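Enquirer: Sequence order for the protein chains is A and B.
So in UniProt numbering the end of the first sequence lands on 361, straight run, no missing numbers.
So in UniProt numbering the end of the second sequence lands on 361, straight run, no missing numbers.
A hint or two may mislead.
Simulated pairs of lysine to aspartate or glutamate, EDC-like, Cα-Cα distance not exceeding 20 Å [what the hints assert, rightly or not]:
no., chain 1, residue 1, chain 2, residue 2
1, B, K330, A, E318
2, B, K340, A, D81
3, A, K310, B, E343
4, B, K293, B, D283
5, B, K327, A, E318
6, A, K327, A, E354
7, B, K327, A, E43
8, A, K322, B, D283
9, A, K332, A, E319
10, B, K332, A, E319
11, A, K358, B, D145
12, A, K322, B, E318
13, B, K358, A, D77
14, A, K74, A, E43
15, A, K358, B, E343
Coverage of chain A stretches by chain B, computed from C-beta distances (three or more under 8 Å per stretch; other residues unrestricted) [said to hold, decoys possible]:
no., region
16, 75-84
17, 234-247
Just so you know, the hints here were simulated from the structure itself, not pulled from any lab data.
Keep in mind the model is a prediction, meaning the values are calculated, not measured.
We put the CB at the ideal spot given by N, CA and C, even for glycine.
Protein chains: 2
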Amino acid sequence: MAKKSEPYKSALHEQDGIEPPKTFSSNSAKFIKAKRKKQPSVEDLVKGITAGNITDLSRAITLVESTNQTHTQKAHDIITDCLPYANQSVRIGITGVPGVGKSTFIEAFGSYLTSIGRKVAVLAVDPSSSLSKGSILGDKTRMEDLVKDKNAFIRPSPSGDSLGGVARKTRETIILCEAAGFDTIIIETVGVGQSETAVHSMVDFFLLLKLAGAGDELQGIKRGIIEMADAIVINKADGDNLKAAKSAKVEFNRALHLYPEKDSGWSPKVSLCSALKQEGISDVWDVIQEYLKITSSNRYFEHNRNNQNKFWLLQTIEERLKSDFYKSEKIKKELPTQIKLVEEGKTTPFAAAEYLLKISS
Amino acid sequence: MAKKSEPYKSALHEQDGIEPPKTFSSNSAKFIKAKRKKQPSVEDLVKGITAGNITDLSRAITLVESTNQTHTQKAHDIITDCLPYANQSVRIGITGVPGVGKSTFIEAFGSYLTSIGRKVAVLAVDPSSSLSKGSILGDKTRMEDLVKDKNAFIRPSPSGDSLGGVARKTRETIILCEAAGFDTIIIETVGVGQSETAVHSMVDFFLLLKLAGAGDELQGIKRGIIEMADAIVINKADGDNLKAAKSAKVEFNRALHLYPEKDSGWSPKVSLCSALKQEGISDVWDVIQEYLKITSSNRYFEHNRNNQNKFWLLQTIEERLKSDFYKSEKIKKELPTQIKLVEEGKTTPFAAAEYLLKISS
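Start from the sequences and build out the full structure, keeping to the hints where you can.
Expert: Written out as structure tokens, the structure reads:
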């Protein structure tokens, strides 16, 4: 050990440090440090969520949305512990092209629901939001009343590079919201990619918001959206629009009759509303309650949720199989070569596929 | 070694056998046996096919359609050797609901094509044919003239338990037919499952056969078939049907304008024909020639074939990844258990998927 040096008066000499003042309690320091570092445990969060604590709910959703592996594992554990408290809700999907008035409708519809004693969570699936920085629900000020309502919880669309990832996060968030006591889950989406199909496969009731004479009916038929709808609600049915809205209602009713009967035994309904004037809003809820009555008595409700679970199970497996394959170093290197050989007519797509499958295994 | 026994005169005694008569030449026997057993080699078949030998073409297609592993390998080799001779053709997909007159149309259209010097192969993709025992082209007598035409080759849909398998066999058969000198490949399909999409992804030109006033327009829009069509041909436009056919033509033209422009730069055409009276048949060929002119000058033709090859390469990989996964013994055993746990709310679809992926790797 080096001998303690004698005081040495060179130009580089520094004064010895001083002792910390007695007023600074080392116990307090420990306490502050511990508190600053402390992340709530899985147990704490689950306890908070199931007691309806919104801060804990938000924290858990942040873990679900994180790409950090430790967070993912923690999110997993929280969800598993929340599962027994979930499922007691109605999940409603709402879609419609931009400009149809989705935010105004959800504001009016959500406020009506809390006024009759329900607890409403509003989530979103928008695979484009990572690009457009959260077009859906990103601007909470568009739902002024609902955002201040203590029985409502609004969460913008999670970001993600694939629809599958975004949808998965929303589906897990549903479970957390249900465990926190929200009995009505509204999931908004805008017609981007296959997002309606994704939302349709995670809700009990699918509502399509339309405008009279918007001329996108063909689009809706083509993309199978009208076929998925349990209700078509024609918004902005007020003032000068009212007449057009009424005739649109007749036309949509006619169009719906061309589709075969649904497995649910439910005949989709068409109704008018004016979200702005808060007219026709309670009718939408009446329709949903009628739907719930029918589908719980014929057990379609339960059957559908089981099918949705199976769908997501298989979907997740198949997406992962593909992404694991294409992400492997060997395949990243060999795939372009094989594509080139196919393009040059030197091999067939099938032979190239066999080769790639062989080298990857 | 046992000593050769002496002649022994018991009741069970048999006469010694006699020598084969001299007239039975052992050389002939060898020759006959060799000939009977001899399967033509890959080299022989490729030589025959590229010389336009129909028997060899049929034999090779039988190998393509076989599920026997040795046959599959042989088929592979034949196709690879045929590739340099393939691709010199126009591939035309034809679809339409049963009753629209597909067989009569193909009979008239094919006969017209051979009359102007083309060599026509007619194939089919019908994933239902293994159940219905070959509804498409199964009954060759429906194409009486074409079947006797030496410049035409008709092959019914291969059977198979998946659309992917059926489509793959047909795609490989296209290559063999092209190598055998067929410059016009017609691929028929009937609207079953996703068969139109499969056929659309293996042809250069997609033709939709319709009847006036059949009322299945909505179906066509819904399933995206009208969107895929490069031409809509309204069949049975004769006698009393003519007026209705003419107004259907106007309506389809209007409907087609609602779709965005195609990548090919081609505007789909609507025409009338009567396959029975052989009217409007040459017009269809004129339209196809116009299409080929446009898409070869803008290079879409080549671009599309490359994209189709890439599509089939990735499609084959993804189908195999899935089938290998689900066929594994571990997964067969564990999947039902995990589905049950999900149904009982004891795990989430995502956690179950993770578990299954983990045990399979």
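Enquirer: All the hints need checking, so say for each whether the structure fits it.
Expert: Do the hints match the structure? See the list:
no.	hint	in the structure
1	B/K330 x A/E318	16 Å, holds
2	B/K340 x A/D81	18 Å, holds
3	A/K310 x B/E343	8 Å, holds
4	B/K293 x B/D283	15 Å, holds
5	B/K327 x A/E318	14 Å, holds
6	A/K327 x A/E354	18 Å, holds
7	B/K327 x A/E43	39 Å, violated
8	A/K322 x B/D283	45 Å, violated
9	A/K332 x A/E319	17 Å, holds
10	B/K332 x A/E319	19 Å, holds
11	A/K358 x B/D145	46 Å, violated
12	A/K322 x B/E318	7 Å, holds
13	B/K358 x A/D77	17 Å, holds
14	A/K74 x A/E43	10 Å, holds
15	A/K358 x B/E343	36 Å, violated
16	75-84	holds (count 5)
17	234-247	violated (count 0)
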